[in-house]
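Peer 1: Chains A and B, in that order, are what the protein sequence lines are. Read in order, the letters of the first sequence are residues 0 to 343 in numbering that gives the first Met the number 0. Read in order, the letters of the second sequence are residues 0 to 343 in numbering that gives the first Met the number 0.
Just so you know, these hints were derived from the structure itself, not from any lab. Take these hints with a grain of salt, some might be off.
[Unchecked claim] Partial selection, computed: residues in chain A whose CB lies under 8 Å from chain B:
hint	residue
1	Arg29
2	Ile32
3	Pro159
4	Asp167
5	Ala170
6	Lys293
7	Gln298
8	Cys313
9	Ser317
10	Ser319
11	Leu333
12	Ala341
13	Thr342
No residue lacks a Cβ here, since even glycine has one placed at the ideal position from N, Cα and C.
Here is how the chains run, residue by residue.
Number of protein chains: 2
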Amino acid sequence: MIQVRMLLMGVGNVGRRFLHVLNLKRESLRHRIGLELQVVGVADRSGVAVCAEGLDIQRILALKASGQGVSADPEWGRPGVSALEMVQETDADLLLEASPARMQDGQPGLACIEAALSKEMHVVTANKVPLVLAFPRLLALAQAHGVRLCFDATVAGGLPAINLGQRDLAAVEIVRLEGILNLTTNYILTRMADDGLSYEQALAEAQASGHAEADPSLDVEGWDAANKLVILAHSVLGYPATLHEVELEGITGITPAELAAGAADGKRLKLLATAEREGDRYRLSVRPTWLDAKHPMAQLGATEFGVVYYTDVCGVISASIVEETPLPTAAAMLRDVVSIYATP
Amino acid sequence: MIQVRMLLMGVGNVGRRFLHVLNLKRESLRHRIGLELQVVGVADRSGVAVCAEGLDIQRILALKASGQGVSADPEWGRPGVSALEMVQETDADLLLEASPARMQDGQPGLACIEAALSKEMHVVTANKVPLVLAFPRLLALAQAHGVRLCFDATVAGGLPAINLGQRDLAAVEIVRLEGILNLTTNYILTRMADDGLSYEQALAEAQASGHAEADPSLDVEGWDAANKLVILAHSVLGYPATLHEVELEGITGITPAELAAGAADGKRLKLLATAEREGDRYRLSVRPTWLDAKHPMAQLGATEFGVVYYTDVCGVISASIVEETPLPTAAAMLRDVVSIYATP
């Protein structure tokens, strides 16, 4: 039995669901894979809750469900203590990072990831920004300390898009990559195309159903997809891309009339992220793109992510996921944890 | 640099392409992954060719291209020596198994796989039958000798369908699995539906273009897909299925009129392999199945394989591959080799 003591940073949409999935799967992981997973610390905006013997996950979930922060726990709560202090001061084997990060500097996640790797803790993250800002440095740090940095949950939700590219296509050349990497825009475009909604109506509906943020600009302007594309470039294509070089066009100017005209020709408009091989580099873009009905991403529904790898000797490989809530993204974090400890 | 001495059994459609892919990728594997892959023996019906320092792959390919067996090589050829003798008598680290096997007893592949595992050689196989007949025994043998038995190339060609299920979904429950696992039948049904060909016309065309065997019965009656489903059941679902329990219906009775009528309702007929969870077991079937246009496998083209995993907490994950020739299947064997030696 391998015992793993984990710290969780961020108990929001993804972090909360991670605790839920962990709670569901704990017994079967112990039984089937020989993994004993304990959460010895959690951090949110309120502070932290820490218990060396393992927190009661249901108690933490109940606190959050009642609208309180984790530091409100009467026994384990430590109000005002930061996630970074928790990482620095708590004995643990692995950091789970599911916090929101500022686009400018990737904090507070970036500092916590660095601190964890430096302490020889593995890191499993669902947070894109630190990777986009510092991928080579973080990878080198992990290697220098002999630990793993896993981030399958950062791109395309619960779809193992990174694993597929990084592990299954390690021996082949990827000449082109395409992805539908942002759910908000896919939801909006699909509802506009299928149900004739205006952009504003579709956005309002997406916000009401939890498929768009109150401020949707990072999604609808393409930044979220561009971030994910940069992570795919570094990790799968071995190409050290920066966010600046992604040619970017959002979906705010699209009209239902355009979509209807395309549909009459059997085409679908998708916000497509693309990396195209050009000599020694890749050319990256995120833009609304008309796809033929037969294109593997054309039929993706409102709540689907997808990715297509065009290879030299392994054909064209497509994968997609239907993801109604971030539950699969949380499950992808658990997948990363299992992949660190389970040997083939 | 890790040196790997490999034996290849079977130099037909897949084996020959494996040598081609290896030849293409050898330098980049050495450079990028630190793997030095050598073929020290090959076997076909004529006998074997063996060279402890590594065979010249292009010389072997030239022999085959000229219609000769590998044992005709003037320097390395040993006519009449069997693959099993080669495995038993040659020092090597890994056996690549790409030979045709008899449905009844899995030979000659099965004996060679057993001999290799018993000698502590890893095995990478594209040959379904030995796995279908003896999966638990072969897996136990590999584990007892501390080596790997890899078979990603046996199911859905170059699509990492097994890896996806076995590694990426290890922590979740698969409640249902669907696959389009046989290319011959998918080719025939697609040509009948899209171009109005009769079954006989579509079959003849598939045979002429190399997408069907001279004797297509194992494909069109569903046996090939059933074999692959049994391998998925053992390896991904952890369910020890036998071929007998697969409910089986082939495509020989389908008419273009039926397909046209379905198409008028927006539906597509596919030979679908299905595993459906029922309590502690799975119910397995292979049969022609009408799919709604929105079903992830409905739009698969004539030369595509696909698989869909319906999970408890990781959404619905679909993957497919466009595979015009068995080149991606050969690339999947190389993927397995790399996965044995490359650490994450």
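Peer 1: Enumerate the violated hints, using their earlier numbering and listing them in ascending order.
Peer 2: Violated hints: 1, 13; rest satisfied.
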